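In case you want the letters, here they are:
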Amino acid sequence: MAFRKRNVALTRSDPSSDTVSSPTSPQAANVPQPSPGVRPSPIDGRPTTSTGTPSLDAVLAGHAGLALGNSLLIGESGTTDYAGALLRFYASEGVLQGHVVHVVGLGEVWGRELPGIAESRDEEKRRQRSEREEKMKIAWRYESLGEFGGRNANRVPTQTKTDGAEAESIFCHTFDLAKRLSLPSNTSINYIQIPRTAPQASPFTGIIQNLQQKLETSPPSSIHRLIIPSILSPAYYPPSSSQPQHVLQFLHALRALLRQYPTRLTAISTIPLSLYPRSTGLIRWMEHLSDGVFELSPFPYSASQALSTSSAATKEEERPQGMFAVHKLPVWSDKGGGGAVEGLGEDLAFTLSRRKFTIAKFSLPPMEGDQEAQEEAMRDVAGERGKTMPSKAELEF
Amino acid sequence: MPPASRVPALLQPYVRLPNSDSILLVTSTLGASTNWLLIRFLCDALNPVRHDAGQKSDNSNNDVKVIFASWMRDWEFWKAEARKGGGLDLERLKRDKRFAFVDGTPGHFTLTSPDLTQLQETVKSALEYLNPSTSPTPPTTLLILDDPSLLLATVPSLTPSSLTSTILKLQALLSPSISTPPTSSPSQNAHAHAHIILSLPADDALLAPSAPTPQPLEISAHNILVKAAHMSARILSCRVLDTGVARDVSGVLRVTDNGGGRRAGGEGLLDFDDGGGDGAEGRTGREFLYKVGGDGGVRVFERGNGGE
Numbered sequence: 001m002a003f004r005k006r007n008v009a010l011t012r013s014d015p016s017s018d019t020v021s022s023p024t025s026p027q028a029a030n031v032p033q034p035s036p037g038v039r040p041s042p043i044d045g046r047p048t049t050s051t052g053t054p055s056l057d058a059v060l061a062g063h064a065g066l067a068l069g070n071s072l073l074i075g076e077s078g079t080t081d082y083a084g085a086l087l088r089f090y091a092s093e094g095v096l097q098g099h100v101v102h103v104v105g106l107g108e109v110w111g112r113e114l115p116g117i118a119e120s121r122d123e124e125k126r127r128q129r130s131e132r133e134e135k136m137k138i139a140w141r142y143e144s145l146g147e148f149g150g151r152n153a154n155r156v157p158t159q160t161k162t163d164g165a166e167a168e169s170i171f172c173h174t175f176d177l178a179k180r181l182s183l184p185s186n187t188s189i190n191y192i193q194i195p196r197t198a199p200q201a202s203p204f205t206g207i208i209q210n211l212q213q214k215l216e217t218s219p220p221s222s223i224h225r226l227i228i229p230s231i232l233s234p235a236y237y238p239p240s241s242s243q244p245q246h247v248l249q250f251l252h253a254l255r256a257l258l259r260q261y262p263t264r265l266t267a268i269s270t271i272p273l274s275l276y277p278r279s280t281g282l283i284r285w286m287e288h289l290s291d292g293v294f295e296l297s298p299f300p301y302s303a304s305q306a307l308s309t310s311s312a313a314t315k316e317e318e319r320p321q322g323m324f325a326v327h328k329l330p331v332w333s334d335k336g337g338g339g340a341v342e343g344l345g346e347d348l349a350f351t352l353s354r355r356k357f358t359i360a361k362f363s364l365p366p367m368e369g370d371q372e373a374q375e376e377a378m379r380d381v382a383g384e385r386g387k388t389m390p391s392k393a394e395l396e397f
Numbered sequence: 001m002p003p004a005s006r007v008p009a010l011l012q013p014y015v016r017l018p019n020s021d022s023i024l025l026v027t028s029t030l031g032a033s034t035n036w037l038l039i040r041f042l043c044d045a046l047n048p049v050r051h052d053a054g055q056k057s058d059n060s061n062n063d064v065k066v067i068f069a070s071w072m073r074d075w076e077f078w079k080a081e082a083r084k085g086g087g088l089d090l091e092r093l094k095r096d097k098r099f100a101f102v103d104g105t106p107g108h109f110t111l112t113s114p115d116l117t118q119l120q121e122t123v124k125s126a127l128e129y130l131n132p133s134t135s136p137t138p139p140t141t142l143l144i145l146d147d148p149s150l151l152l153a154t155v156p157s158l159t160p161s162s163l164t165s166t167i168l169k170l171q172a173l174l175s176p177s178i179s180t181p182p183t184s185s186p187s188q189n190a191h192a193h194a195h196i197i198l199s200l201p202a203d204d205a206l207l208a209p210s211a212p213t214p215q216p217l218e219i220s221a222h223n224i225l226v227k228a229a230h231m232s233a234r235i236l237s238c239r240v241l242d243t244g245v246a247r248d249v250s251g252v253l254r255v256t257d258n259g260g261g262r263r264a265g266g267e268g269l270l271d272f273d274d275g276g277g278d279g280a281e282g283r284t285g286r287e288f289l290y291k292v293g294g295d296g297g298v299r300v301f302e303r304g305n306g307g308e
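Each protein sequence line maps, in turn, to chains A and B.
Using full-length UniProt numbering, you'd call the opening residue of the first sequence number 1 and step up by one each time.
Using full-length UniProt numbering, you'd call the opening residue of the second sequence number 1 and step up by one each time.
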């Protein structure tokens, strides 16, 4: 059985080459030397690429990355732009890996403000850790092999070689939102403008044509990322865009394009859910046409809460900023949605800090006294001992 | 492993095609796709040992021809899923003239436009390909339409009634008993039948028009679903667990027989082969839980019997 499964997964990419004709036919030759930033999924070997956010990669049904040929739709309610941070990481990752990045509706200013690599501590820490691991490995090897040093000598060089290769090609970088990415000279970011069209015409046809043309003219080994920030948002899109035939035809065409280039294209779009609630038919259709659907619901900001946790901030820096809901996962949902998936069905929360966007299981923090006590505490500047406050107030009155 | 054994025993009676012309409705929701179920229908219809199994009415129509039209998913996907989940080699079946695929995803284009007349023409030519006029006996034909309601969503000029009438026209096209007057010959007499499986999304968001002003999109989605449900002899609907996500359950499958199914054409009672499913039970519907494994295998079990 095991053999059968693997066989299937491997041949899946093969037949694609004969039907899709020219664009993917060299892909067979491409397999031995994969493109940068692409690695096979640990589940079925299909090529995946990183979203630039390690914990988003981790919720994608065990593929540990976004499978090429798939799209994500990230909805966000409220006025915050957490999803925009995800898009920035996704774009930066693409730039660093030498992928072709397409951005719809935003100008070069956005491209110049992409987050840069976070180096300092993290990098050092990682290096130290890997060195330590290496040492551990060697020690372990010596231990297991006992005094047969001769045999050991054969193995060590090969091992270090693979380790070296891994270190060179990082699948997912760590970014720092406060830093600017210095775009390499060969960077190709394609800014696709939303065309000003007649009220009844679709603004999307130009976008899909642009993308299609770029895909056709680029070398067959190039990997493309499509970024669609705040789709349908009136800030960027003309009113006619939210007519179902326009946006749904666009997503249908995009879906077909993703299938046409199953080893070269991924897409992430975000949508403002406050303007377009999930309970409407239009959004549900958009979700059906996307391969993965996530929803960010930021917690409302409240001053008292901020203050009450300020004391805890030192020890618990990563207070979640909102809930992260998974509605549909690429590949996995299309199969029928079975099997145990890490994190699915649990309450997930996200935290965005300067360096990372973390998605973790949500658990309520322990109560820090009741609300009134905290209100009192807020008035007091030294409101750090919320629990003792009421008694103090009683004394004063 | 032969394709037959890929169909769980509990599901077996419900993926067996009925013994007369029929329309079956399969509904999905966002988290619970029905692709695995369509594959199981394919397994049963295209199973090479089907006629050996000794079903009395199957002796003469061992040859089920399948036309698969998909607007949502491409050929590569179905090919891979059918092989992995169903053990079917669709490529070979295509060469053997037992299977034809109509690709509705733009860019691939067996269908170059969302026009319904073009759909009819394409199905017609697919039928001619599968069943050349030289063949002596007309085969049983199964047409699977994977989400034709996408057409309603993307083409504003299309109405739900034009889509349903096209579906009925397609059934007439497929039905071998078309040449005889439909009133005088109940199709049970013929050994070959025409079946259509409709796969439609049935999310709450599409069914419950949003207040205060429902979107035209929602109205048409609601409309087509209700129409299709009335036309269908059996409804198989997949949804996610109402109680939240469980690790060992992918979703709930509900099977509702349309009360022995007096179809719109008034063709009389449908004859399902499911043995146990008598009218009363069928009408109330049965529910199963299912789990799709990572390898494409499916387990179907009754509530409370899930433990392995």
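The set of hints was computed from the structure by calculation and includes no laboratory data.
It should be emphasised that the depicted structure is a prediction, and the values quoted were computed from it without experimental measurement.
Even glycine gets a Cβ: it sits at the ideal position worked out from N, Cα and C.
It is possible that some hints are incorrect.
Chain A side only, calculated, beta carbon under 10 Å to chain B, not exhaustive [to be verified]:
1. 214
2. 287
3. 333
Inset, instruction - Would you pick out the hints that fail for this structure and give their numbers low to high? - result: 1
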